[in-house]
Amino acid sequence: EAGVAQSPRYKIIEKRQSVAFWCNPISGHATLYWYQQILGQGPKLLIQFQNNGVVDDSQLPKDRFSAERLKGVDSTLKIQPAKLEDSAVYLCASSSGSLSTDTQYFGPGTRLTVL
Amino acid sequence: KQEVTQIPAALSVPEGENLVLNCSFTDSAIYNLQWFRQDPGKGLTSLLLIQSSQREQTSGRLNASLDKSSGRSTLYIAASQPGDSATYLCAVNLSSNTGKLIFGQGTTLQVKP
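Residue numbers (the working numbering), protein chains in the order written: chain U, 1 to 115; chain R, 1 to 113.
A couple of the hints might just be wrong.
As the list claims (entries may be wrong) - Label pairs and their calculated CB-CB ranges:
{"#": "1", "chain 1": "R", "residue 1": "Ala78", "chain 2": "U", "residue 2": "Asn52", "range": "43 to 49 Å"}
{"#": "2", "chain 1": "R", "residue 1": "Ala78", "chain 2": "U", "residue 2": "Thr103", "range": "19 to 25 Å"}
{"#": "3", "chain 1": "R", "residue 1": "Pro14", "chain 2": "U", "residue 2": "Thr113", "range": "33 to 39 Å"}
What the hints assert, rightly or not - Residues from chain R shown here face chain U by an in silico Cβ test under 8 Å; the list is partial:
{"#": "4", "residue": "Tyr31"}
{"#": "5", "residue": "Lys42"}
{"#": "6", "residue": "Leu89"}
{"#": "7", "residue": "Asn93"}
{"#": "8", "residue": "Thr98"}
{"#": "9", "residue": "Gly99"}
{"#": "10", "residue": "Lys100"}
{"#": "11", "residue": "Gly104"}
{"#": "12", "residue": "Gln105"}
Calculated from the structure, these hints are not laboratory results.
Every residue, glycine too, gets a C-beta built ideally from N, C-alpha and C.
Assemble the whole structure, with the sequences as input and the hints as a guide.
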């Protein structure tokens, strides 16, 4: 079974530029998560989708971050404009359901460096 | 506001040693607690999940315990091996019907041959 795919793996941009990340979850998984992991910290949930609907985006900086999950499969996370403090690894995870006991499977992440 | 803390931030042990990683959380009203492993350049892998009603879970050489009233969990690794070298993260879930996890900052473990 293929795992969670993310691209690109690495991205370097200058502040005020825009960037987009892509995630392809495990086939059949209804729930998709985007996490931000700053160096030396644990991941922080940015947004949770159930199919193509948003379940929780309480920690998403909506003035600059946006995310969508068209057709309830792939998802993109966009930052516009980027700030220095956005430098982090962006992790995508998926699970078959949205319950707390449903195992989340993580992708390898996209490492973003903002100069 | 729930906060999760892991001590120590880094740990280095010789191969074969038994070790304990610590996790503490400020609000005891959790639904479950999970331990994850993160290898460099890779995503997280779930190791153990303990429901709030449980005291411990075991998988192979790993044993996780939970004391909800004191806000603490430990991950015990028996007979450590170089392949155990990774960052270990604990995370709590506050509700049964959401997958939202609140993570600690992790403990980076190095097991020397």
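Results for each hint:
For the hinted restraint 43 to 49 Å between R:Ala78 and U:Asn52, the CB-CB distance of approximately 44 Å keeps it satisfied. In this structure, R:Ala78 and U:Thr103 meet the distance hint of 19 to 25 Å, their C-beta atoms being roughly 23 Å apart. For the pair R:Pro14 and U:Thr113, the beta carbons lie near 35 Å from each other, so the given range of 33 to 39 Å is met. Proximity of R:Tyr31 to chain U holds as hinted, the smallest CB-CB distance being about 5 Å (cut-off 8 Å).
Interface hint at R:Lys42: satisfied, since its Cβ lies 5 Å from the closest Cβ of chain U, which is below the 8 Å cut-off. At about 5 Å, the closest approach between the beta carbon of R:Leu89 and any beta carbon in chain U falls short of 8 Å, and the interface hint on this residue holds. A cut of 8 Å between beta carbons decides the hint on R:Asn93: the least distance to chain U is about 4 Å, and the hint holds. With its C-beta approaching chain U no nearer than about 6 Å, R:Thr98 sits inside the 8 Å limit, and its interface hint holds.
Hint status for R:Gly99 relative to chain U: holds, with the closest Cβ pair at about 6 Å, below 8 Å. The restraint placing R:Lys100 at the interface with chain U holds, with a minimum CB-CB distance near 5 Å, inside the 8 Å limit. Against a cut-off of 8 Å between C-beta atoms, the interface hint on R:Gly104 holds, since the closest Cβ of chain U lies about 5 Å away. Annotation: R:Gln105 was flagged as interfacial toward chain U, and the flag holds, the nearest CB pair being 5 Å apart, inside 8 Å.
Every hint from the earlier list agrees with this structure, and none is contradicted.
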